[in-house]
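Working from the sequences, and respecting the hints, build out all of it.
Okay, here's what each chain looks like letter by letter:
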Amino acid sequence: MAHRRTSGSKLFMTVLCMVAACNAVPITELLDRASQRSDKLHSLSTTLTQELDSHFPPIGWMIMPRPSMCHTSSLQTPNDKEQALQVSESDLLSLARSLLKSWVDPLLVLSTSVNTLPHPAQSSISNKIQELQENSKSLGDGLDILSGKMGPAAQTVSLLPYSGGNDIGQDRISKLTNFHFLLSCFRRDSHKIDSFLKVLRCRAAKLQPEMC
Amino acid sequence: MRQDETLSANVWLKCPAKERKNHSLRKRGHSMTVCARMRRDLGLALLSLMSVAVECNGMSPPGKPVLLGCRSPEKETFTCWWEPGSDGGLLTTHRLYYEKENVEGIHECPDYRSAGRNSCFFDKSRTSIWVEYNLMVVASNALGNATSEPLSIDVMEIVKPNTPENVTLLVEERENSPCLSVRWEPPRNTDTKSGWVTIKYELRVKQQNSDEWKEYASGTQAYFSLYNVNPGVVYMIQVRCRLDHGSWSDWTNSTHAKIPNYLQNEKLVWILVSILSAISFITAMCILVMKRKHVQQCLLPRVPVPKIRGVDVQLLKSGRAEDVVSALIFNQNFPSMGPCVEPIEEYLIVSDNYDVPPSSQKRKKSLINRAGIHTDLEIQSTSGQCNGVMAKESNDERDNFEKSNKSLSEDTISNMEPDQLPTQKPQCSNINLINTGTMHPPNHNSVAERIVYPLANSSYVDIQRHENIQEVDMDYNKVKEVNGDNIFIAVKENMEAEEKNIPKDYSRVTEVESDNAVILHIQNISADSSDSCSKEKRNHNTDWTDQKPRNPHVTRPSTGGVCIQLTGSGYVETIPVPPLM
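Chains as they are written, first to last, in full-length UniProt numbering: chain A, 1 to 212; chain B, 1 to 581.
Just so you know, these hints were derived from the structure itself, not from any lab.
A few of these clues could be false.
No farther apart than 30 Å at their CA atoms in a straight line, the calculated lysine-lysine pairs in the DSS-like style are these [to be verified]:
#1 A:K137 with A:K175
#2 A:K40 with B:K124
#3 B:K200 with A:K206
#4 B:K100 with A:K175
#5 A:K206 with A:K40
#6 A:K206 with B:K160
#7 A:K128 with B:K160
#8 A:K128 with B:K214
#9 B:K200 with A:K81
#10 A:K10 with A:K128
#11 A:K81 with A:K206
#12 B:K293 with B:K307
#13 B:K124 with B:K193
#14 B:K100 with B:K160
#15 A:K101 with A:K40
#16 A:K40 with B:K214
#17 A:K137 with B:K200
#18 A:K101 with B:K200
#19 B:K193 with A:K40
#20 A:K81 with A:K10
#21 A:K40 with A:K137
#22 B:K160 with A:K40
#23 A:K128 with B:K200
#24 B:K100 with A:K81
#25 B:K100 with A:K101
#26 B:K193 with A:K206
#27 B:K160 with B:K124
#28 A:K10 with A:K101
#29 A:K81 with B:K307
#30 B:K64 with B:K124
#31 A:K206 with B:K124
#32 B:K200 with A:K10
#33 A:K137 with A:K206
#34 B:K200 with A:K40
#35 A:K81 with B:K293
#36 B:K124 with A:K81
Since the structure is predicted, the reported quantities are computational estimates derived from the model, not experimental observations.
Here it is in structure tokens:
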């Protein structure tokens, strides 16, 4: 599964590169592929959080850190439909790329710490974490290519460093809590990325209403 | 009334305030002093009284409301519902307060009415996504407030769309397999134009009588085709949808569709078709039977039988022999041979008192015609040539012969001055006369190659001298030409010296004086070949060659250089040769 993901991402990468070199694939096609990837990413993160919640002790709700404490919360993003529709395409793409890039390190932390996660569905979670990583990587590469086609404004990436360190906690509760917190942050950000890309896709494919 | 009771209670007791009234009796421990015991008893009595009084009134602070949840149908607005606790018998108001992430302050719900009772509706301007809301409901009445447990939501987590709308079913008939086509519309109020939401659909199918639903995913398409439907069954279909990866909507109400029973329709169709075809077949057969003769003529025309004209088949069938024969040969037109004068050789005997030449031919007596020449008209049969030739070429050649006879006789009569001999018509003659020119004698020396025409008949001129005719002697002259039918004009020709026995004494007939006089011209003739005649002639003229030693004066008669096969031995004896024999 992971191997297929790697090869899939590589294939996606090569296709995108060839496309960029030949300049044959239109942007709408690229956006369609990217939004499909982001959709997959968000779907994965959603199922992960649901899977994690099924066994999460409800006591830990109170001490859960707030989502405002996500490392990406400083990024100014549109928060409703009107705002999102007013943002330019380049900015939307830049936001998506920034968010995605900011999760490279945290996902790495997650993948290393999932092995010791005290959770009954740990293997399944571990598998999904791997998928998350691969998808995120390939999407990032695709977005880089897209940004090259969309102008200099799309090239700017905001840096959102992850300051959580490599450790998500020592005891069971803190591990689970931190894991859950990170995944919820990721779920939010993946939803943002997915929404932005789909708005972009619909905007780019004006003659194809089925894209919206 | 409450105040009265309170007053009374204050008057009556110096025990805790009414707020603790409900709890006080229960919380009292067992530690008793005399005063406490008395107080307790009194308290109990009072409380019982008061509780009776209170229950009649129902006043209390409101119960704690419970936030049930929130829902955003289109990712643009959301609504929260709570359940109020007991109202304490008093008018209880509920207020919803919320906190937004990154926004300072506590805000109150903007709309309590749009979504019904105990709900709060956040419109588009108040709704933010990817922002955490902290909600709480406070129920308050005159006696107090009650605050619900806080609820923390993110709009992205509470997205649950409305149900799809206008589910329409269409039964499509395709060959033998019907198909059920399902169509629906996106849920109400959902934005499908900007890409803000991505709707995915799902539908489920159930047969009317069973309890099992079969689910199918339709993706983002608002239509679906069901192929495994059985005719005659009623199907129930429901559709639902979801936005992005949020919650599924409710199922739509069931839509029914019945697949028509094609088998019956097909059976009817086939029955009709078979009946019609049977009827047409029967009518066709009737027509054929009634007009069978006509049909037979069309399909099996009569083969033309070979028919002999004049032959009556019926007559043949009746089988009488003579009739058969007459029938068969009735119309046969044999070319009429005419009286074939085969057996008789016609010849003209011109005699000059000589004996009748030899015996190879039969001679009959001559007839005296008007020319004065004894003519012996008899036809002697040759070796059958007459018949054969005659049969084929009789008419034409006879005509030619007649014509040529006439022409020639006209030409040469003037030369010859002979009287025209009556032309006897040898019916078997095949003589083609060649007019070789005038009758001038001087060309005797020329050896003429003449074409051989077989003289079928043995017409010849037998010139007999009135003088001694020796039967044995044979002096022959070549006949140069034949005038008429039976006049031979002898020609003297140079004979090549092939034959030794060429007679030296022979003469040429220069002219015929009278009926029985021939003027001969005497010449010395070297050895002339007699080969101008064909070998056939030799064969025929074996008599002649045989006779040669006996009679050196042998000339063979020829007509115009043509070696005529004369079986006869026409000859002219010119010189009264002493009998060599």
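- [ ] Please flag the earlier hints that this structure goes against, numbers listed from lowest up.
- [x] Result: hints 20, 29 and 35 break, sorted rising.
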